[in-house]
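Chains as they are written, first to last, in full-length UniProt numbering: chain A, 1 to 330; chain B, 1 to 330; chain C, 1 to 326; chain D, 1 to 326.
Hints were generated in silico from the structure; no laboratory data involved.
In this text the structure is predicted, and so the values were computed from the model without any measurement.
Do not rely on the hints blindly, as some may be mistaken.
In silico BS3-like links for lysine-lysine, alpha-carbon gap of 27 angstroms or less [unchecked claim]: (1) LYS34(B) - LYS62(C); (2) LYS274(A) - LYS189(A); (3) LYS110(D) - LYS14(D); (4) LYS247(B) - LYS274(B); (5) LYS110(C) - LYS14(C); (6) LYS110(D) - LYS62(D); (7) LYS274(B) - LYS274(A); (8) LYS34(A) - LYS38(D); (9) LYS62(D) - LYS14(D); (10) LYS62(C) - LYS14(C); (11) LYS44(B) - LYS274(A); (12) LYS247(A) - LYS189(A); (13) LYS247(A) - LYS34(B); (14) LYS44(A) - LYS34(A); (15) LYS247(B) - LYS189(B).
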Amino acid sequence: MEMMTVEQAIYQALAEEMQRDNRVIAMGEGIATKQLQLVEAFGKERVRNTPLAEAVVAGTAVGAAASGLRPVIDMLFAPFLSYAMDALVNSAGKLRQISGGQFEFPLVTLAMTGSGWCVGGQHNHNLEAAFVHMPGLKVLMPSTPADFKGLLKSAIRDNNPVLLFTDLGLLHSQGEVPRDTDYLVPLAKAAIRRIGTDVTLVSYAKTVAVCELAATQLAEQGIEAEVIDLRCLKPLDETTVLASVRKTGRLVCVHEASGLCGMAAELSALVAEKAFESLRAPVMRVTGADATPPASWMLEQVGVPSVQNIMGAVIDQVAIKTMPAAYRLS
Amino acid sequence: MEMMTVEQAIYQALAEEMQRDNRVIAMGEGIATKQLQLVEAFGKERVRNTPLAEAVVAGTAVGAAASGLRPVIDMLFAPFLSYAMDALVNSAGKLRQISGGQFEFPLVTLAMTGSGWCVGGQHNHNLEAAFVHMPGLKVLMPSTPADFKGLLKSAIRDNNPVLLFTDLGLLHSQGEVPRDTDYLVPLAKAAIRRIGTDVTLVSYAKTVAVCELAATQLAEQGIEAEVIDLRCLKPLDETTVLASVRKTGRLVCVHEASGLCGMAAELSALVAEKAFESLRAPVMRVTGADATPPASWMLEQVGVPSVQNIMGAVIDQVAIKTMPAAYRLS
Amino acid sequence: MHTSQYQMAEPTDKSLQWLEQMQLIRTYELHLAAMQSKGVPGTCTSVGQEACAVGVMAALDKRDRILTNHRSAAHLLARGASPGRLLAEVLGRIDGYCGGFSGSLHISAKELGVILTSTIVGGELSMAPGVALAQKMGQGEAGGIVTVFFGDGAACEGIFHEALNLAVQWQLPLLFVCENNQWQAFVHRLETMPDNAIINWARGHGLMVDTVDGNDVHAVFESATQAVSAIRSDSMPRFLELCTYRQRGHFEPDDQAYVDRQELAHWLERDPIKRLCQRLLQQGMLTQQSLNNMQQAIDEQIQAAQAFADASPWPDAAMLTRHVYA
Amino acid sequence: MHTSQYQMAEPTDKSLQWLEQMQLIRTYELHLAAMQSKGVPGTCTSVGQEACAVGVMAALDKRDRILTNHRSAAHLLARGASPGRLLAEVLGRIDGYCGGFSGSLHISAKELGVILTSTIVGGELSMAPGVALAQKMGQGEAGGIVTVFFGDGAACEGIFHEALNLAVQWQLPLLFVCENNQWQAFVHRLETMPDNAIINWARGHGLMVDTVDGNDVHAVFESATQAVSAIRSDSMPRFLELCTYRQRGHFEPDDQAYVDRQELAHWLERDPIKRLCQRLLQQGMLTQQSLNNMQQAIDEQIQAAQAFADASPWPDAAMLTRHVYA
Ligand SMILES: Cc1ncc(C[n+]2csc(CCOP(=O)(O)OP(=O)(O)O)c2C)c(N)n1
Ligand SMILES: Cc1ncc(C[n+]2csc(CCOP(=O)(O)OP(=O)(O)O)c2C)c(N)n1
Ligand SMILES: [Mg+2]
Ligand SMILES: [Mg+2]
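So here's chain A without its partners, still in its complex pose:
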């Protein structure tokens, strides 16, 4: 184990995979300037600065992936993906199926998002759910340096297009990371961060820690919250979520992205379909507003899920006395 930041874990994973497999290449606006150690180790052919042209950078990655390379592209901030949508959604996500399985797209797209840097809504926009909605893609949004390393390595070895979103607020956060160059965290496997019996909190990225804090304070009030860190939003680890809700009977979904058609909606619908009979209370969502993320520090602070919001939702749930109709009927 080694202490490092999320940023360091990302580049350690990338360096290890580039070492292991010379088909792995890295491209991005400034990646060869900022990651000099990669350039030194692997040369300018495999670590490429690009023009400001996200559409062709992503498209090039798609074409290269289908042709035997394994590109990792750094798209900087998530809203810049708006220029890369055709390449990612229409090409990488669809052309395997459209071609009847003729191509594979081993391609990883990195992008940053989230509050904490006061950069405003054209740099900070949590778009993960929009990509979860698109066919053929996988979507990661880890919360710890170790997971960033292990998931990114798995993503690079995966033969499908994977998006990995880095929550800005986590970029410089520290944690223990295994030194193992084969340390892989499997895709589609959630992590239970805290075991509890009364309510399940499901989250990912920066707000996992907020849920853990809320859980600690709830424990003081005698409410034991289970905290699940999805890490991988697609494919979704339904098993872990459903097992927890079947145990606790209550679900609160937490994320910074807008709620409308977001991951929390998906989780709520999943549980309503598959674990309805376990529910003791309405599923609640604690999410960002259906609005543009603000730059102002003060607004950024109040706009994201807080310990108070989460606790409030849980306490409301636990207090609910209304009997569902299913009871009245029986």
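On the provided structure of chain A, position chains B, C and D with the ligands as indicated by the hints.
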């Protein structure tokens, strides 16, 4: 009233609004070729063919909207919006809030999508939920010629960016349309297409008719389904949906788009949050697969929600005997 | 405008083979257009543009890879695709090149080197540099190059410039082939760009460019051969504009009501097959009889192809979610 | 390279006024950079590019509208923005031009005609033709034109070409101003495009173009004035490339470790403020004393601005969902 197709209703609405307000302009690849009557009535300055350059066409509409015009742009097929994401999402959707309210964006974007034409996944991709997830936009997806007319007219008069999706399967379908040049269907108001007491079917676009068929057949089995046509997906008419579910106690959400983080997920989550106590059974989703829409006629047919799927979901729901945990607790 | 200096230097068999390919393409496309009335899904035909496909493909090797777009049948057939498997694909049957999932608009045939076809205008341009990069980095067959076909409309998309700039900057072995057929769906080229825009735009990127009579298969072959061998030797991209004409509508069925009759007549005069036939007849390489025989064989081939496609089963419902992931 | 022929023809007061504006911009930017250590959010400064903003703005009227990007402070200040309101915006306070919602990266000030600022590189280019179209169709002030500022990096985005082509095709009263400051965040221009690429690309679109020494305010003014009056008279777009240099890092704080010291030194020699001062001192239009006085007044203005911004309240939480819809 006048019988006309959805396509005719769209262009009648556009013509009436262009007549009424000379700030309304229309742009698109081929619109001036195909809608000769518009060119004749309003001239080539207001009805513009564009180069194949969706990014700048949408951006131009955004810039023009902020500067006093009221553009309507025809982007042809929904997947082509992938080139217009920056203009629509980062500019039209966000710049009002980012600027502290300095600008308005009265702008309508037309796009077609949906099965029925065997055009495959790069022409047929139901993207409405992705736009519902984005701040500052409004999203329409009507099912009848009258609604196309009335909603498009409202959209053109609205001071916000509105996307109107036309389900390909409806383009040539006929219906009665009011002649009134002030016939407006309000945004954010769902339509109840059939009244029922046992289950609520919520849908929009082409699958509304499928729900109505299913409801007819369910009635023969003694199950009275209420059918709600959302028409406007954002802002969502929560009141109508919740009132219906509070009455029926059961909800089945139906759409052709993928389920993951789709509108059905949002509706399920909404009801789980706000009408949980009314639910007699799990909320069910009948949606397209998390996969690329196929071109093959046969696959297209089996890939979309059918009367059988919908009836199956309802019958399963009605049959459910498992008591929710809330019952066991009390 | 580069006009062919070709007189008699070409070996007979090549010219005849090209004629046969062009006839096959035309016959296939007209067959599909005629099938519209029988409920076959609409298609974008390449009638009038056969010389572009055949001339460029003749300059390429088996080891080369090709990207194309919605108007791909000519490219596929010129590359040796089976008309039966193409028709099966258009009809959505399992024996199609993509198992029926693609339909006509985005047919790839990896076995023929025709890969990553996209019907998003400009999609092929976005991916082509990546294929060429993989080639350059040792992933393709040794010495191979990459060719991307696209239209004059695609040249209006920003991705055109992004791809050109990247190819130049990264010195990619990539041949850009713009089939300027004067039309961009329902809009004429002159309504969307200045005259000569495409070649001027390409030139602005500082690579070697050529404008060629796209209705003269020999001219196309000659220019493409030069470009291809230059790319093979220095791994730098090249750009060809092939001036041609879309003789039928954008997407069948299409009444072409919006098409200027004079312009159409002008281009029909310059029909690539007619011109090639005339040349070969004049030169005595072809007789009316051998031409008739050729056409008859092709007609039979298309009939057989249709029978093959009709006999091919529909895909199973399970295909809806097959191949979502690798 | 267009070098200014300006000798003494300009009225004294204009040159001095420009100097003052350039000094104000620089002082404001250096103040912000210094504030980094005090926790002020990072910014993209325009240090070294002051002559571009001041020279072009001097050629424009109040009725004209301007679009800009992430590096906008110079444009805003040259257009008369209040340093206090700008600082308040950067600090996220309600007296900022956007009520604190924007922060530094996308400040619009409609009252000054600076509209639709986007920090998505190329976003301003996508919207500018629409503003110009509205102008042309009678929605702006009579006779007004539109100017869009963007960087050399933005010229690599496809939208650059789409915007140029549309402006040419639709004959829009739009002035494209590319501030080629040699850098695209952490990548040097020469790593992403051929030398002279920008002007060649623009020329390919067939509009009138000029390349100007962007560190010479008189040269910029002269060229911009010509372009603006031409646009006013024929409503056709024009293109200017202003060659300049980003003297500080991309986004404060930035140690510029990746910057070639010789290149930086070369451009510091050609600093636009230094050159203007020298010229004015030589010509006797300025004395060291008056320069000191000017600087002192500006320092006081910035101090007052900071005090104003500090005193401005934080926005209320309700603003999170205000202005989502009109
Ligand atoms: C991004 C995008 N916009 C629009 C379309 C609809 N469309 C399909 S082909 C076509 C015309 C393309 O013109 P060109 O590139 O010249 O190719 P051609 O059809 O003439 O071969 C259009 C507008 C599309 N498929 N993709
Ligand atoms: C689409 C997009 N890609 C990347 C960025 C990140 N970014 C912000 S400014 C910048 C450099 C832009 O270079 P240029 O256009 O030359 O403007 P300059 O910063 O030099 O003024 C980059 C890469 C962005 N904001 N938007
Ligand atoms: Mg064309
Ligand atoms: Mg720059």
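Hints, verified against the model:
Taking the CA atoms of LYS34(B) and LYS62(C), the gap is near 42 angstroms; set against the 27 angstroms cutoff, the hint is violated. About 18 angstroms separates the Cα atoms of LYS274(A) and LYS189(A), which keeps this hinted pair within 27 angstroms; it holds. At most 27 angstroms may separate the alpha-carbon atoms for a hinted pair to count; LYS110(D) and LYS14(D) meet this at roughly 25 angstroms. This hinted pair checks out: LYS247(B) and LYS274(B) have alpha carbons roughly 13 angstroms apart, not beyond 27 angstroms.
Restraint check for LYS110(C) and LYS14(C): satisfied, since their Cα atoms lie roughly 25 angstroms apart, inside the 27 angstroms limit. As the CA atoms of LYS110(D) and LYS62(D) are separated by approximately 11 angstroms, the hinted pair is consistent with the 27 angstroms bound. In summary, the hint linking LYS274(B) to LYS274(A) is supported, as the alpha carbons are separated by about 19 angstroms, within the 27 angstroms threshold. With a C-alpha separation of about 25 angstroms, the suggested pair LYS34(A) and LYS38(D) falls inside the 27 angstroms cut-off, and the hint holds.
Restraint check: the Cα-Cα separation between LYS62(D) and LYS14(D) comes to about 17 angstroms, which is no more than 27 angstroms; the hinted pair holds. Proposed proximity of LYS62(C) and LYS14(C) is supported: the alpha carbons are some 17 angstroms apart, at most 27 angstroms. Taken as a hint, the LYS44(B) and LYS274(A) pair is broken in the structure, with Cα atoms around 56 angstroms apart against an allowance of 27 angstroms. Distance restraint check for LYS247(A) and LYS189(A): the Cα-Cα separation of roughly 18 angstroms lies within the 27 angstroms cut-off, and the hinted pair is therefore satisfied.
Of the supplied pair hints, the one linking LYS247(A) and LYS34(B) is violated, its CA atoms being roughly 60 angstroms apart against a limit of 27 angstroms. With a CA separation close to 13 angstroms, the supplied pair LYS44(A) and LYS34(A) stays within the 27 angstroms bound. Our distance criterion of 27 angstroms between C-alpha atoms is met by LYS247(B) and LYS189(B), whose separation comes to about 18 angstroms.
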